[in-house]
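2 protein chains.
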Amino acid sequence: MADGEIDVVGIGNALVDVLAQATDEFLRAQRLTKGAMHLIDEARARQLYDAMPPAIEVSGGSAANTIVGVASFGGRAQYIGKIRNDQLGEVFRHDLRATGVRFDVPAATSGPATGRCLILVTPDAQRTLNTFLGVSAELGPEDVDAGVLARGRILYLEGYLFDPPRAQAAFRTAAEHAHAAGRYVALTLSDPFCVDRHRAAFLDLVEHHVDILLANEAEICSLYQVRDFDAALRAVRGHCAIAALTRSEKGSVIAAGNEVHVIEAHRVSEVVDTTGAGDLYAAGVLLGLSRGLPLPVCGRLGSIAAAEVISHVGARPRTSLAKLATGIL
Amino acid sequence: MADGEIDVVGIGNALVDVLAQATDEFLRAQRLTKGAMHLIDEARARQLYDAMPPAIEVSGGSAANTIVGVASFGGRAQYIGKIRNDQLGEVFRHDLRATGVRFDVPAATSGPATGRCLILVTPDAQRTLNTFLGVSAELGPEDVDAGVLARGRILYLEGYLFDPPRAQAAFRTAAEHAHAAGRYVALTLSDPFCVDRHRAAFLDLVEHHVDILLANEAEICSLYQVRDFDAALRAVRGHCAIAALTRSEKGSVIAAGNEVHVIEAHRVSEVVDTTGAGDLYAAGVLLGLSRGLPLPVCGRLGSIAAAEVISHVGARPRTSLAKLATGIL
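Line by line, the protein sequences are chains A and B.
For the first sequence, our numbering assigns the number 1 to the initial residue and increments by one for each residue that follows.
For the second sequence, our numbering assigns the number 1 to the initial residue and increments by one for each residue that follows.
Only chain A is shown next, with the shape it has when bound in the complex (with noise of 0.2 Å):
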């Protein structure tokens, strides 16, 4: 690897988790929609935070999950996100370079709090998420470094970075340059609902500025506004360069030109939380691409670091994925 060089360079919403335990009653009195994600202003933060039972603090960020998963491979990982020099803010830079990820986006000094993720876990063991996006949202063209994206193999866009509309612009820019530098620019979907608010926005993303497109299967339904996975995955294969789609237990389907890989899930003794599963599924996927692996073992790490997080509660990994893929990097 030439020197300098970054395996994956990371772009998402920087925020801290803060995880509770709730009835479904509380989620009725609350008004939420179980397994959603929805966007909250600080007012609505603090009143459904008031509410809420005891909870625990610990850092997220969708494509921060990621990029902590590409780092606890043993990859070169960079993460672009927007914090204040607040508390949460300092937990949530800690957390990132305890792990080997290099983080320079300096704190913003004004505006509004770290961003944080009310998440409240009902007994089924249904994760429904309520995002304040706090300062994150303030992410723009200006915090992207053109000389990060040039030495980064791949460019990775969270697609929650699509709500606060000044990402939208910081992921434009960011894709130009890493394209101008002759690198990958890879997608998640991020969620359905997501898809559904920008789905313009995505299908055009997708079709001028993707190579590597990342989704489960309701975020690829809801793209192409179709009911079968099949249907999903004929359109996306015209589309864009590599699709890597996941189905929970099922496995995954990596799809690039005439090629289509069906992987399947690694075995896990006991599901015990599956937050971060598909975060940890694009880590193993993108640390392979960018070591130029071939399509089924970039798989095989995804399902290896997806079965890992998904056996324990929190959404980053507990126990080196370089040592769980011994003998494959």
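Hints listed in this document are in silico derivations from the structure and should not be mistaken for laboratory results.
Keep in mind that a hint or two might mislead.
Pairs count within a copy or across copies, as identical chains cannot be separated in the list.
What the hints assert, rightly or not - Restricting the straight-line Cα-Cα distance to at most 25 Å, the calculated cross-link-like pairs of lysine to any residue (SDA-like) are: (1) 323 <-> 27; (2) 34 <-> 318; (3) 323 <-> 122; (4) 250 <-> 142; (5) 34 <-> 248; (6) 34 <-> 54; (7) 250 <-> 293; (8) 323 <-> 53; (9) 323 <-> 20; (10) 250 <-> 148; (11) 323 <-> 23.
Assemble chain B onto chain A, guided by the hints.
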């Protein structure tokens, strides 16, 4: 229960725990004594945090954990401790209030940040504590509300309060208010090293101000500078009205006047994390005493609460203790 009466009022260092897994090598490199509580200043807290692996944040503080346990049993519980008006202070206040604990002390608007305890968990499940007291060290007599103490059947104080010098004064003031109103004063010794640091003050307090003493085997042996439990038990019986002494898997002993009750540990299928065992044992004993229950029943409530908290990660109960104590309370 008379209107406005409170079962237990707890006073302690208000801390947010910052929990990370660490290796023995890390402890050695940082010159930390495994299993001990180290008091650290802000510069050292920053340096240690920078060096630490990724962490999670969760509200802690020994007396605060106990008070949450009292509330979980359905008791009326109030907490006195010092936080700053910062994000960790908000987290601390939220997590107390969300369990039904009353906590009215206003957040300081200047001075050090909310206190935190950097906890390193080694593979042998031992915990090494590094406490930056922050603003919690500024708790003073002016924060102690005589009216609250007059309504609280039991005033509960953590031994760790002896480290910050102003808190010692708050401690004495609080004990005087409680006794003036005919209430009981309870103390936990907190930590054998804390007892070492303040032995003379502890002995004086136990003799003159404490009605109910809680301690584990190491702490009570340290207080009386004896080597075996029976010697410590003999010493404490002449020294304070009620002593509740925990012995890990051997259960506990409650001594009061001529009575000595040996209480079995409550069985758990797996000990996951012993943090908070003493704090929650205290919750059961104090709630039982505040309700005038027989000593063996108080001990049983303590064992139930301790068993709940050691069966999962974290020092506060996840299950309603009132439900676990159905038929007893």
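When no copy is specified for residue 250 and residue 148, does a C-alpha distance of 25 Å or less occur within a copy, between copies, both, or neither?
-> This pair counts as neither: shortest intra-copy Cα distance 36 Å, inter-copy 59 Å.
How would you classify residue 250 and residue 142 at a CA-CA limit of 25 Å: within, between, both, or neither?
-> Classified as neither: same-chain Cα gap 41 Å, cross-chain 63 Å, threshold 25 Å.
When no copy is named, should residue 250 and residue 293 be tagged within, between, both, or neither for a Cα gap of at most 25 Å?
-> within (23 Å within a copy, 56 Å between copies)
When no copy is named, should residue 323 and residue 20 be tagged within, between, both, or neither for a Cα gap of at most 25 Å?
-> The answer is between: 20 Å across copies meets 25 Å, while 31 Å in one copy does not.
When no copy is named, should residue 323 and residue 53 be tagged within, between, both, or neither for a Cα gap of at most 25 Å?
-> between (37 Å within a copy, 17 Å between copies)
Indicate which option fits the pair residue 323, residue 122 if close means a Cα-Cα distance not exceeding 25 Å: within, between, both or neither.
-> between (33 Å within a copy, 19 Å between copies)
When no copy is named, should residue 323 and residue 23 be tagged within, between, both, or neither for a Cα gap of at most 25 Å?
-> between (38 Å within a copy, 16 Å between copies)
Indicate which option fits the pair residue 323, residue 27 if close means a Cα-Cα distance not exceeding 25 Å: within, between, both or neither.
-> For residue 323 and residue 27, only the inter-copy Cα distance (23 Å) is at most 25 Å; the intra-copy one is 40 Å.
Homo-oligomer pair classification [residue 248, residue 34; C-alpha up to 25 Å] | within (18 Å within a copy, 42 Å between copies)
For residue 34 vs residue 54, is the C-alpha pair at or below 25 Å within one copy, between two copies, both, or neither?
-> within (19 Å within a copy, 29 Å between copies)
Measure nothing new, just compare the shortest in-copy and cross-copy C-alpha distances for residue 34 and residue 318 to 25 Å and report within, between, both or neither.
-> between (27 Å within a copy, 22 Å between copies)
The structure fails hints 4 and 10 (numbered hints given earlier, in ascending order).
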